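Undergrad: Required output: the full structure, derived from the provided sequences and hints.
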Amino acid sequence: MEPYSSDMKPFQKRSRLEIIQDILKVIRDSNNIISPTKLQRLSNLSYQMFEEYLGELESKGMVELKQYKGKRNVYSLTQKGKQFLDKYEDFVSFLREFGL
Amino acid sequence: MTAGLFNATLSEELLNQVSEAVASASISDIIFDLFLYALMVGLALQIFRETSKIYSFMEYEGLRYFKNTFFFYGLANFFLLVLDLVFLLAKSSTRASLYMLAISMIPLFILAGICFWFAKVNLLSSISWKMVEGTLGKRFYKFLYFIFLMFLTMMDMLVYILISIFLGEYYAFGYKAFIFVFILLLIRSNMRSCGETKTITHPYYLGLILLFTLSFLGNISPLLEGKSAELISSAFDLLTLIAYVIILKGIRKWSRILLT
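Protein sequence lines correspond, in order, to chains A and B. All residue numbers for the first sequence refer to the working numbering, where the first residue is 1 and numbers rise by one. All residue numbers for the second sequence refer to the working numbering, where the first residue is 101 and numbers rise by one.
If you're looking for bench data, these hints aren't it; they were derived computationally from the structure. It cannot be assumed that every hint is accurate.
Straight-line distance between alpha carbons at most 20 Å, and here's what the computed SDA-like set of lysine to any residue pairs gives [claimed, not checked]:
no. : chain 1 : residue 1 : chain 2 : residue 2
1   : A       : Lys87     : B       : Leu358
2   : A       : Lys80     : B       : Arg239
3   : A       : Lys80     : B       : Leu358
4   : A       : Lys80     : B       : Leu359
5   : A       : Lys60     : B       : Val122
6   : A       : Lys87     : A       : Gly70
7   : A       : Lys80     : A       : Glu58
8   : B       : Lys238    : A       : Lys80
Beta-carbon label-pair distances, calculated as ranges [said to hold, decoys possible]:
no. : chain 1 : residue 1 : chain 2 : residue 2 : range
9   : A       : Met49     : B       : Ala277    : 35 to 43 Å
10  : A       : Arg28     : B       : Ala335    : 50 to 58 Å
11  : A       : Lys80     : B       : Arg149    : 15 to 23 Å
Since this is a predicted model, take the numbers as computed values, not measurements. For every residue, glycine included, the Cβ atom is placed at its ideal position computed from N, Cα and C.
TA: Here you go:
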């Protein structure tokens, strides 16, 4: 699996937007189905941060927690989450042009 | 009865002062300002509308402050527009129109001032957001940060007023220049915090910087007198208008790209 936010300098902290992008990328690259434990590990977040971000993404309707084969809980991207990921690079360019 | 007499004298005096102020302004100036404020209201609210569309899709906190900035600029200019309209009506010099101006002038000025204050706080929040977003996790801390910026902007205004009263306009302008440099450093740190090391020369960014300069440096026309003061004041309004147009152009371009 490719490293996420690979264009960053060493020791540079990820911004909130970059973390969100990383989480969504991990889900997308795992065929849109991933367990919470694996998602937390691959997105390089502490348990507390992971809970906070996933809670936010769920409330914004970008990811959803659903049952896989009636047993395990898995996360998958919603249509809004997919659109966000598609437009992320453009959005970053937009913010950069305005210095925001 | 004494109170009634006092009120009558006061209102008579107030009416005289208002009619003097109305007489000193020419109709062409009032109409020019009316046109300018109407344009600013339209542009600011258009920026707000377009930014709201992008925000509803990306939900980035820094962008929320950016859109609120233009909502408050629009509202502030709307109050100034209403004040200008009342001023124009008062040109007819009827007792009712002069009364209306006397009653509405101070509340409208206060409302416009509050909206400009909120606009400045939101503008500061939007440009410093990237720098602080990592440290302000909880909603409560975000709220505290906003309150801190409100306090800072309020103090800035108070210090400016006190310096201009006790030390004069030139010192007050020096103070504004100092604050402006401080804000430029803040913008720089904000850019550095996201790994941006090159200078941004993009017109939309420069448009935002221009708006910043005009908002925080203030109008320097009180330093001058006569025709040059009027000229500076008009140039100030014109530059604000240019900044709005540049920003609106950028927002429209990006809303087309992001929302299709």
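Undergrad: Now, for every hint given, state plainly whether the structure supports it.
TA: Against the structure, the hints:
| no. | hint | result |
| --- | --- | --- |
| 1 | A:Lys87 <-> B:Leu358 | holds, 6 Å |
| 2 | A:Lys80 <-> B:Arg239 | violated, 24 Å |
| 3 | A:Lys80 <-> B:Leu358 | holds, 13 Å |
| 4 | A:Lys80 <-> B:Leu359 | holds, 12 Å |
| 5 | A:Lys60 <-> B:Val122 | violated, 53 Å |
| 6 | A:Lys87 <-> A:Gly70 | violated, 33 Å |
| 7 | A:Lys80 <-> A:Glu58 | holds, 11 Å |
| 8 | B:Lys238 <-> A:Lys80 | violated, 24 Å |
| 9 | A:Met49 <-> B:Ala277: 35 to 43 Å | holds, 42 Å |
| 10 | A:Arg28 <-> B:Ala335: 50 to 58 Å | holds, 51 Å |
| 11 | A:Lys80 <-> B:Arg149: 15 to 23 Å | holds, 21 Å |
Violated hints, listed in ascending order, are 2, 5, 6 and 8; each of the other numbered hints is respected by the structure.
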